[in-house]
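Start from the sequences, fold in the hints, and give me the full structure.
There are 2 protein chains.
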Amino acid sequence: MSSHYRISLDAMGGDHGLSVTVPAALESLKKYDDISLILVGDEAQITEHLTQHSAADNPRITVRHASQTVGMDEPPALALRGKKDSSMRIAINLVKEGEADAVVSAGNTGALMATARFVLRTLPGIDRPAICSQIPSNNGHTHMLDLGANIDSTAEHLYQFAVMGSELTRAIDGIEEPTVGLLNIGQEDIKGNEQVKSANRLLKAGHLNYIGYVEGDDIFSDHVDVVVCDGFVGNVSLKTIEGLAKMLSNELKKHFTKNLLTKLMALVAMPVLKALSKQFDPRSYNGASFLGLQGIVVKSHGGADSFSLANAISVARKEVIAEVPQKIRHRLQALVDDEQQAKAS
Amino acid sequence: MSSHYRISLDAMGGDHGLSVTVPAALESLKKYDDISLILVGDEAQITEHLTQHSAADNPRITVRHASQTVGMDEPPALALRGKKDSSMRIAINLVKEGEADAVVSAGNTGALMATARFVLRTLPGIDRPAICSQIPSNNGHTHMLDLGANIDSTAEHLYQFAVMGSELTRAIDGIEEPTVGLLNIGQEDIKGNEQVKSANRLLKAGHLNYIGYVEGDDIFSDHVDVVVCDGFVGNVSLKTIEGLAKMLSNELKKHFTKNLLTKLMALVAMPVLKALSKQFDPRSYNGASFLGLQGIVVKSHGGADSFSLANAISVARKEVIAEVPQKIRHRLQALVDDEQQAKAS
Numbered sequence: 001m002s003s004h005y006r007i008s009l010d011a012m013g014g015d016h017g018l019s020v021t022v023p024a025a026l027e028s029l030k031k032y033d034d035i036s037l038i039l040v041g042d043e044a045q046i047t048e049h050l051t052q053h054s055a056a057d058n059p060r061i062t063v064r065h066a067s068q069t070v071g072m073d074e075p076p077a078l079a080l081r082g083k084k085d086s087s088m089r090i091a092i093n094l095v096k097e098g099e100a101d102a103v104v105s106a107g108n109t110g111a112l113m114a115t116a117r118f119v120l121r122t123l124p125g126i127d128r129p130a131i132c133s134q135i136p137s138n139n140g141h142t143h144m145l146d147l148g149a150n151i152d153s154t155a156e157h158l159y160q161f162a163v164m165g166s167e168l169t170r171a172i173d174g175i176e177e178p179t180v181g182l183l184n185i186g187q188e189d190i191k192g193n194e195q196v197k198s199a200n201r202l203l204k205a206g207h208l209n210y211i212g213y214v215e216g217d218d219i220f221s222d223h224v225d226v227v228v229c230d231g232f233v234g235n236v237s238l239k240t241i242e243g244l245a246k247m248l249s250n251e252l253k254k255h256f257t258k259n260l261l262t263k264l265m266a267l268v269a270m271p272v273l274k275a276l277s278k279q280f281d282p283r284s285y286n287g288a289s290f291l292g293l294q295g296i297v298v299k300s301h302g303g304a305d306s307f308s309l310a311n312a313i314s315v316a317r318k319e320v321i322a323e324v325p326q327k328i329r330h331r332l333q334a335l336v337d338d339e340q341q342a343k344a345s
Numbered sequence: 001m002s003s004h005y006r007i008s009l010d011a012m013g014g015d016h017g018l019s020v021t022v023p024a025a026l027e028s029l030k031k032y033d034d035i036s037l038i039l040v041g042d043e044a045q046i047t048e049h050l051t052q053h054s055a056a057d058n059p060r061i062t063v064r065h066a067s068q069t070v071g072m073d074e075p076p077a078l079a080l081r082g083k084k085d086s087s088m089r090i091a092i093n094l095v096k097e098g099e100a101d102a103v104v105s106a107g108n109t110g111a112l113m114a115t116a117r118f119v120l121r122t123l124p125g126i127d128r129p130a131i132c133s134q135i136p137s138n139n140g141h142t143h144m145l146d147l148g149a150n151i152d153s154t155a156e157h158l159y160q161f162a163v164m165g166s167e168l169t170r171a172i173d174g175i176e177e178p179t180v181g182l183l184n185i186g187q188e189d190i191k192g193n194e195q196v197k198s199a200n201r202l203l204k205a206g207h208l209n210y211i212g213y214v215e216g217d218d219i220f221s222d223h224v225d226v227v228v229c230d231g232f233v234g235n236v237s238l239k240t241i242e243g244l245a246k247m248l249s250n251e252l253k254k255h256f257t258k259n260l261l262t263k264l265m266a267l268v269a270m271p272v273l274k275a276l277s278k279q280f281d282p283r284s285y286n287g288a289s290f291l292g293l294q295g296i297v298v299k300s301h302g303g304a305d306s307f308s309l310a311n312a313i314s315v316a317r318k319e320v321i322a323e324v325p326q327k328i329r330h331r332l333q334a335l336v337d338d339e340q341q342a343k344a345s
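Just so you know, the protein sequences line up as chains A and B, in that order. Quick note on numbering: the numbering used here labels position 114 of the first sequence as 114, and the sequence is numbered without any gaps. Quick note on numbering: the numbering used here labels position 149 of the second sequence as 149, and the sequence is numbered without any gaps.
None of these hints come from the bench; they were simulated from the model. Note that the structure is predicted; figures quoted are calculated from it, not measured. Nothing false has been slipped in among the hints.
Subject to a maximum C-alpha distance of 30 Å in a straight line, what follows is the list of computed DSBU-like cross-link-like pairs (lysine-lysine):
1) Lys258(A) with Lys278(B)
2) Lys274(A) with Lys254(B)
3) Lys96(A) with Lys327(A)
4) Lys30(A) with Lys327(A)
5) Lys197(A) with Lys246(B)
6) Lys258(B) with Lys263(A)
7) Lys263(A) with Lys274(A)
8) Lys246(B) with Lys278(B)
9) Lys278(A) with Lys254(B)
10) Lys191(A) with Lys84(B)
Some chain A residues well away from chain B (every beta-carbon gap over 10 Å; in silico):
11) Val63
12) Ala205
13) Gly303
14) Asp305
15) Gln340
Yeah, the Cβ is synthetic: ideal placement off N, Cα and C, and Gly gets one too.
Here is the structure:
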């Protein structure tokens, strides 16, 4: 095989463990013939699940044993110190050791970030990794970061997030100069807290396609490709989106199942409702990128089903093909070079 | 009239000025026979609009002339200093002078807050006013604050917001002990920034019905009545809600108007779609309360239509009936008394 992308999968991670990870792995292999997967976790259990799916001898699957599992609520520091043979840790180690090109896990977010950061280290010029995800928007999607890796972000961190988000978007969506907006509570220069104002100055002076401040509703507009914010704001905003979407979808169902008449209406309207729910299916947006690390790490929603987890695997595959960490590294190096040149001249 | 609630209306405020404020005033008077309205603004123009609606001699309308108007994008400090005869300022003055029980404006938010704070002053024990609004939730609505009056909030400010939101909810919804949640990016005690952690401690030690940390998706759940956060996070979250709701509603329309077949489907499904859009009609949630002031101030969305602005007027009416500022003042005094008693014993 000429191009063959190797992705390690934390097979024990997520709320449903192997009953989701194994089917997701098989779906992904069916979908992409240019990937192979390393399933990391309890070897006996993995083999049992593979056998159930008549996939025990699939040549594109390798099983790597790990004796421990990180609990979904386990404190990150404990997981980092006490679970050196966890499926999560071993799956990340494989990237470090060059045996895998990317890792995907549906496990504990905090533990995954802490472990990935410890094992893979950040890229030169990056102080803090950030979590970036796609949010469905008017004409496609927006990339938003940070979604919760950091609590307090300085202006420099926000600037680094902008660089990382910009490179991810360029690599994934093929947009040469993605538009970058800084999330604020108004469009005017005087608005916002000190970090945001200061980041605004850095971004204006920088080389990104920076369009200035954007507000919460702009996340869904088509004039911004990358929305930058600190992890607290980003996480609240993301959870707000998830909560509202879930409530509206539940209420729609409730209204359409009220009585026989509304059920008949639903039946008639079904194709439209299906098209709409497909367009905004959160499962199609599953897969958050941990950016700023010396390696590709994609986090799946803990409650993901196999369709959803397969989507996270496809995000990892795209990042491998696009060589996202290398692109971020080059962009940061170019910025440093520019600054030095500017100082010298 | 035994109970007669007098509300002053900034008749020149909002994107549409008198063409919305006058009809909204008339709708409100029709809806509630226990209110009277003072329309503040250009007297000739107001009278002209009233005459157009055959309401120039309505005994429950008074017109108060104001020679200036605050622009929607005018810097708050300029409006405060330079527009002492603006419709906004005069409308607020009427509350200060006891001629009105509440003021409603669809004008410039920043200018309204700055002017209201300057004219009415904050309640004893309140450092900063906050903006509180109702957000539709699973089983009714949630009150959320602060939605943008403050950028950086200390733990004490967040605690005061909790007290104010709790009193508003008790007064408006008649819930004896509203549940209060503090917006954070996780449920565990270790999560969050320093302000949030410290506010969590204050709230745990306090007398409110505090249920601990909540996340963005909990805004729409039915287990929390009041969601407390700083103004930056609250504003982003609110705008995110507005943006997502607008996009989904547009997409629904787009899908249903794609071709003749989908249009027929829409026709069949219309009653359900109408019920749903009525349930979540943002116009029914228009009217944000400025809490913590020595007077009742309600801010309408700038782009409000008359139905929507009438809703803001009804929010003001409810606050007058419930005597919200007095209730907040008493609750704060009771807290101070408790603390002194605790110290003395």
